[in-house]
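Visitor: Sequence:
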Amino acid sequence: MSDEVLAALSAAGIEATASDSFGPQAYDVPAAAWVAAHEVLRDEVGLTFFDFLTASDELGDGFRVVTHLADFWGGSHVEHLMVRTLVPRATPQLASLAEVYAGANWHERETAEMFGITFDGHPNLVPLLLPDGFEGNPLRKEFVLASRVAKPWPGAKEPGESDHAPTSKPGAPSRRRTLPPGVPDPESWGPRPPGTPDPDPLAPALAASTPARPRRAAGERRTRTASPPADASSPPADASSAPADAPSPPADAPSPPAEASAPPADRLAPPADASTPPAVPPADDPSDRGSETPDA
Numbered sequence: 192m193s194d195e196v197l198a199a200l201s202a203a204g205i206e207a208t209a210s211d212s213f214g215p216q217a218y219d220v221p222a223a224a225w226v227a228a229h230e231v232l233r234d235e236v237g238l239t240f241f242d243f244l245t246a247s248d249e250l251g252d253g254f255r256v257v258t259h260l261a262d263f264w265g266g267s268h269v270e271h272l273m274v275r276t277l278v279p280r281a282t283p284q285l286a287s288l289a290e291v292y293a294g295a296n297w298h299e300r301e302t303a304e305m306f307g308i309t310f311d312g313h314p315n316l317v318p319l320l321l322p323d324g325f326e327g328n329p330l331r332k333e334f335v336l337a338s339r340v341a342k343p344w345p346g347a348k349e350p351g352e353s354d355h356a357p358t359s360k361p362g363a364p365s366r367r368r369t370l371p372p373g374v375p376d377p378e379s380w381g382p383r384p385p386g387t388p389d390p391d392p393l394a395p396a397l398a399a400s401t402p403a404r405p406r407r408a409a410g411e412r413r414t415r416t417a418s419p420p421a422d423a424s425s426p427p428a429d430a431s432s433a434p435a436d437a438p439s440p441p442a443d444a445p446s447p448p449a450e451a452s453a454p455p456a457d458r459l460a461p462p463a464d465a466s467t468p469p470a471v472p473p474a475d476d477p478s479d480r481g482s483e484t485p486d487a
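Residue numbers (our numbering): 192 to 487.
Hints were generated in silico from the structure; no laboratory data involved.
Beta carbons: idealized from backbone N, C-alpha and C, even for Gly.
Heads up, a few of these hints could be off.
To be verified - FRET-style restraints, in silico, Cβ to Cβ:
{"id": "1", "residue 1": "P385", "residue 2": "A209", "range": "52 to 62 Å"}
{"id": "2", "residue 1": "A209", "residue 2": "A293", "range": "53 to 63 Å"}
{"id": "3", "residue 1": "D242", "residue 2": "A222", "range": "13 to 23 Å"}
{"id": "4", "residue 1": "P385", "residue 2": "H271", "range": "25 to 35 Å"}
{"id": "5", "residue 1": "G386", "residue 2": "P215", "range": "49 to 59 Å"}
Taking the hints into account, I'd like the entire structure generated from these sequences.
Guide: Okay, structure coming up:
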């Protein structure tokens with residue numbers, strides 16, 4: 192069916208692109224050809240059943256308006272598709288489909304009050320659900336749900352708020368209180384002192400849609416950074432100095448034997464000088480020899 196739809200739109204001079212990323216086949220058309228594209232799909236393709244019309248806030252890209260069309264006259268098999276277009280955020284205007292599909296009347300009224308989009312040519316574009324005097328468009332991402340600040344909401348948002356939660360220890364550091372859903376930081380909304388510049392209305396929505404940490408791709412593993420090597424120019428530690436925590440020898444270690452450690456005496460004495468003659472014993476005195484009397 193995709194080729195048939197693209198051929199019918201192309202024959203009418205409408206540039207369209209097809210995508211099936213979100214299940215049903217979706218066709219993106221220019222905002223200027225919004226009504227003409229639906230007339231072709233109803234008359235040439237046979238999509239006579241209008242299911243719904245809604246929008247989504249795409250922040251900086253503007254608002255995406257979406258319709259869902261179907262054909263219930265092809266037996267048990269139902270053909271259906273989605274048609275999408277973008278309108279700028281500064282001037283959110285789009286032609287009405289009420290003359291093409293009567294069921295678009297109430298859907299455009301709801302989308303107009305929830306997103307602030309003006310549907311040109313609508314027969315009665317008045318609020319459908321919101322009370323008279325309501326200010327703002329609740330489904331815009333910059334819309335602040337101020338009632339959640341003053342009105343208690345069910346459920347525990349902080350540790351210790353539940354009756355079953357353990358109490359915090361005395362002296363434990365406090366943590367920043369969680370803001371209710373839909374309530375941005377107090378610095379970006381509410382009354383401001385005179386002369387203070389107005390904050391960017393999209394800043395809270397952009398901050399909420401940005402992840403705190405960058406997401407890793409599928410299959411990507413976290414890597415660790417190696418520490419830098421030591422400086423080669425620094426001198427090495429003194430090998431002769433023993434570490435402070437080196438174990439001392441035990442006190443009761445046996446001492447080596449004395450004879451094993453002391454060298455022999457003859458090795459300690461220096462050798463005799465070869466030029467000195469050996470000592471000669473003295474000769475006997477003859478006078479001493481004459482005075483001696485032999486034994487009888």
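Visitor: Take the hints in turn and mark each one as holding or not.
Guide: We went through each hint and held it up to the structure:
1. P385 <-> A209: 52 to 62 Å: At 53 Å between Cβs, range holds.
2. A209 <-> A293: 53 to 63 Å: violated (27 Å)
3. D242 <-> A222: 13 to 23 Å: holds (21 Å)
4. P385 <-> H271: 25 to 35 Å: violated (55 Å)
5. G386 <-> P215: 49 to 59 Å: Taking Cβ atoms as reference, G386 and P215 lie about 51 Å apart, which means the hint holds.
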